[in-house]
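Trainee: The residues making up each chain are set out below.
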Amino acid sequence: DAKTTQPPSMDCAEGRAANLPCNHSTISGNEYVYWYRQIHSQGPQYIIHGLKNNETNEMASLIITEDRKSSTLILPHATLRDTAVYYCIVTYNNDMRFGAGTRLTVKP
Amino acid sequence: EPEVTQTPSHQVTQMGQEVILRCVPISNHLYFYWYRQILGQKVEFLVSFYNNEISEKSEIFDDRFSVERPDGSNFTLKIRSTKLEDSAMYFCASSEVSPLRSPGELFFGEGSRLTVL
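Just so you know, the sequences run in chain order Z and C. With my numbering, the residue at position 11 of the first sequence is 11, and numbering never jumps. With my numbering, the residue at position 84 of the second sequence is 84, and numbering never jumps.
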């Protein structure tokens with residue numbers, strides 16, 4: 001089953017940064033941290049992934065602690081369209097196993 | 001932008017009937033997946049497929065389920081003898097990256113909603 005722990009829900013004000021935490025204390029050295037999101041009932045959408053270093057792309061930033069036991073997904077300027085369920089997944093291959101995720105609600 | 005397409009968007013069937021859900025993965029992708037999501041629940045892995053054979057399957061993927069790549073573009077999920085509990089959204093996904101190397105992103109379709117009455 002899922003090897004990650006995420007808060008069930010979070011709120012964020014529109015235009016502010018959304019910081020979504022994830023604990024993965026049992027992560028192995030060859031496992032990556034992936035983030036996906038699911039807007040309403042649409043198919044999951046890839047956001048970002050990383051192994052050790054912090055990563056940034058056009059959608060978000062991923063901050064991984066030095067011991068790799070936790071990470072934070074940062075949406076720098078959240079919009080109403082970022083309201084979704086965000087999934088943190090730990091895997092060494094393409095085998096994405098989804099947990100319950102964090103339901104992020106961006107409020108005006 | 002290339003995308004994974006799924007048909008039908010919604011299928012209603014009677015319990016005990018067979019259904020086929022179709023997926024057209026992104027054209028240069030070689031790794032294919034089916035997931036399902038029962039309403040209000042999490043996204044669950046069903047099966048992964050590569051080189052015309054199943055790579056991995058979950059306990060949900062019992063003998064009633066099968067997958068096939070009948071031609072160079074389609075990837076299908078067949079469910080025989082459907083049960084009420086098969087009612088769910090079924091998502092197809094594809095990836096161009098070998099899962100045996102380093103992970104790559106999965107591209108998901110918009111899903112096919114199956115309702116079993």
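Hints in this document: simulated from the structure, not taken from any laboratory. Beta carbons: idealized from backbone N, C-alpha and C, even for Gly. Hints are not guaranteed to be accurate.
To be verified - Sample of chain C residues at the chain Z side, in silico, Cβ under 8 Å: (1) Lys57; (2) Phe65; (3) Glu105; (4) Gly111.
Trainee: It remains to establish, for every hint, whether it holds in the given structure.
Mentor: Comparing the hints with the structure gives:
1. This hint is violated: Lys57/C has a C-beta 11 Å from the nearest C-beta of chain Z, more than the 8 Å allowed.
2. Interface hint status for Phe65/C: violated, as the beta-carbon distance to the closest one in chain Z is roughly 18 Å, over 8 Å.
3. Of the supplied interface hints, the one on Glu105/C holds, with its beta-carbon coming within about 4 Å of a beta-carbon of chain Z, less than 8 Å.
4. The closest approach between the C-beta of Gly111/C and any C-beta of chain Z is roughly 6 Å, which is under the 8 Å cut-off, so the hint is satisfied.
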